[in-house]
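Number of protein chains: 2
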Amino acid sequence: MKADIDRLMKEHKLDAMLVVGNAQHNPAMVYFTGGGHINDAILLKKRGQEPVLYFYPMEREEAARTGLKTISFSKYLYTDFMKEAGGNLAEAMVLRLKKMLTDQGLTSGRVGIYGEREVGSFYSLISRLQQLMPKLFFEGYIKDEILLSAMMTKEPAEIERIRQMGKVTTDVVGKTAEFLTSQKTKKGMLVHKDGTPITIGEVKRKINLWLAEHGVENPEGTIFAIGRDAGIPHSTGTASDPLRLGQTIVYDIFPCESGGGYFYDFTRTWCLGYAPEPVLKVYEDVKKVYDTVYAELKVNEPFMNYQKRTCELFEGMGHPTILNSPTIENGYCHSLGHGIGLQVHEKPWASMINPSPTDILAPNSVFTLEPGLYYPEDGLGVRIEDSLVANPDGTFEILADYPKDLVLPLK
Amino acid sequence: MKADIDRLMKEHKLDAMLVVGNAQHNPAMVYFTGGGHINDAILLKKRGQEPVLYFYPMEREEAARTGLKTISFSKYLYTDFMKEAGGNLAEAMVLRLKKMLTDQGLTSGRVGIYGEREVGSFYSLISRLQQLMPKLFFEGYIKDEILLSAMMTKEPAEIERIRQMGKVTTDVVGKTAEFLTSQKTKKGMLVHKDGTPITIGEVKRKINLWLAEHGVENPEGTIFAIGRDAGIPHSTGTASDPLRLGQTIVYDIFPCESGGGYFYDFTRTWCLGYAPEPVLKVYEDVKKVYDTVYAELKVNEPFMNYQKRTCELFEGMGHPTILNSPTIENGYCHSLGHGIGLQVHEKPWASMINPSPTDILAPNSVFTLEPGLYYPEDGLGVRIEDSLVANPDGTFEILADYPKDLVLPLK
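As given, the protein sequences belong to chains G and U, one line each in that order.
Per our numbering: the first sequence = residues 1 to 411.
Per our numbering: the second sequence = residues 412 to 822.
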């Protein structure tokens, strides 16, 4: 939670955070600003102090709405630094940032860098600034244990927003099921009234429309993949594919609040009309592992323990997994889940590779549980996913209930 | 155009490009890959050679669809580098990238870095890699004259895609006008049948719905601002504001193709029912400047010449501008336009600050023309914007026609 940031900064000997980029679709910046149409902003947070947001004057009203302490870039015009920079704009940008840091009393210590933006110019900017400010040490984290650790545990209002996105998500999933089961069939495919096949692309357009009706965004797209595509975990599906009965459809949907706010993440696997025996068997194995692992979840346990457990359960059923075959591309070949919040993937991580002691199912963490099995050569894949919260009382709760049935009977 | 990249790399003594990040909503990566659900990819392009895309095996089908030469990250597992890295994941990531570059024969020369992603981890990765590969020089451009110069001029297929986004945009703008002019009024405001005011927020939700019906995205939101908000160029509008007759509405809409493809950018200023005399005067000044500058456009001219010309025209009419008052926040206080493509703002730039000789209206460049005047204290702002293409025959063309009328008469 935000209240943990100063403590985590102290533990990791960080004196300040420098957050860069737009205030939308930029998790670190959204976390502090709450979003808004603020382009190419800079936020500085010194340990033990409130953050300061630098903004361009055209966006002063949006900046004011954040409720943060703000400073206009009009106090730091590039033009004022161009002479000292010998007419070099890149150098003027470096000198400007140096002045901003100096004015905040930041001339020595460790500064963590955060935010999403174009990396090339930023790399050059900070590399040069590092030369000019040798007593400051700029550090970016490949495994961030400060901001991402704070973001990992959610305040009640954040959980409520994710729960609300869960309601939106399952409403759209319900509309999708209703649409699919209400269509005519011909030659084993869903068809329009004129007999032409309904395609994956058409269903995806409807999904986006239903999401837009709720006023949410879908920046990373939706996985709606059938048959062999369903057997490749991150194939998003082929737009021109028809919807054949009796084939697995993996439907993985992960929309976010407008402007790049909180996400939800959810997957169901469906067979239209009926499920062939081999598909049913694979589905039942996934469902059994889901239920077993869910029942075994304990607050504060390392998430990777359940990844290991999932592998062992699947291997016990005769499925290959990445536990014993790290480069495998069928069977169980991904991670059991991940945290979810302002990013669709964040801490805690379930991966067993280089685990961090902080990747635990902490109270108030929100994360996905998503075991799956993939056999692309057999034309099938199955994944079941919900987003869960770890309650402080030690219980776990699925944030948005939805039936897990494999077969969607046609009307 | 893509065909210019090798020449530009040679001119700027660049031996390779390293592009990082997702394949969606990431202009540099989309430019090479065409998009797709490919997360945290790496693309390497050596001068004079085809690019190579590295992908995670789960996304192999999406990677294959790019038509690029591809290599799976399964050939470069972190785990293979963990021993050499002393168990440090960050170091293993550095060693992995070093091996990938080395395998491509990149051990000396200059590498330009591109792409949007989390900057902190990337800064640390490249800083450390720079230490390990002292004969390679990694450079990011604050003013990129290579990739952005190539992207500045469009192929016919790219122009067609922007034109198509223009059709979508003006269709949605037309639907918005139709909606606004069909409502009832009460006490000088648009109202629902029950007499409650229609708000900015409701109109914005409708805009998003109409955009979704076209299957496009709106990742940066829409400016729909009335009255004083309209007088602040980048205020996006206040959701709870009612729609009062006779006040200026600045409607700036800039959607993109699904997945973060090509953008369009378009602004109209409207007064519902009638326009008060002072508003009409400001509108006519903006329209006159738009028409004058449009008529004077010449292919291959520096874009900033028209920014200067716009300032002079406005000052001749008695309006303050940034030409003589750089920090001004009313009058004409922004740039005349910008290139548009996979980014809503890109080369050519119209700014007079530190101009580049390549910021010209080159044949096949696509850019906006958007003069405006802002008087927030008088509760008004006016901007007119179209996206134009510079044709090789020396003519200029607005990519999507739409009436420029200020007043929307109510039905």
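These are computed hints drawn from the structure, not numbers from a lab.
A quick note: this is a predicted structure, and the numbers were derived from the prediction, not measured.
No residue lacks a Cβ here, since even glycine has one placed at the ideal position from N, Cα and C.
Don't take every hint at face value.
[Unchecked claim] Cβ pair distances, simulated, as ranges:
#1 G:S182 with U:P689: 51 to 59 Å
#2 U:P803 with G:G86: 31 to 39 Å
#3 G:K175 with U:V602: 45 to 53 Å
#4 G:N88 with U:Y705: 44 to 52 Å
[Stated by the list, open to error] Which stretches of chain G does chain U cover? Using the computed rule of at least three CB atoms under 8 Å from a CB of chain U, they are:
#5 125–137
#6 164–176
Legend entry - Coverage of the segment 125–137 of chain G by chain U, judged on three or more residues with CB within 8 Å: That given contact holds, which follows from 3 residues of the segment 125–137 of chain G lying within Cβ reach (below 8 Å) of chain U.
Inset, instruction - Kindly confirm whether 31 to 39 Å is satisfied by the beta carbon distance between P803 of chain U and G86 of chain G. - result: holds, 38 Å
Legend entry - Annotated coverage of the segment 164–176 of chain G by chain U, confirmed only when three residues or more have a Cβ within 8 Å: violated (count 0)
Inset, instruction - Take a look at whether the Cβ-Cβ distance between N88 of chain G and Y705 of chain U falls inside 44 to 52 Å. - result: violated, 34 Å
Inset, instruction - Using the beta carbons of K175 of chain G and V602 of chain U, state whether their distance is inside 45 to 53 Å or not. - result: For K175 of chain G and V602 of chain U the Cβ distance comes to about 31 Å; the hint is violated.
Inset, instruction - Could you see if the CB distance from S182 of chain G to P689 of chain U stays within 51 to 59 Å? - result: Holds: the Cβ-Cβ distance is about 56 Å, inside 51 to 59 Å.
Hints 3, 4, 6 from the list above are not met by this structure, while the remaining hints are.
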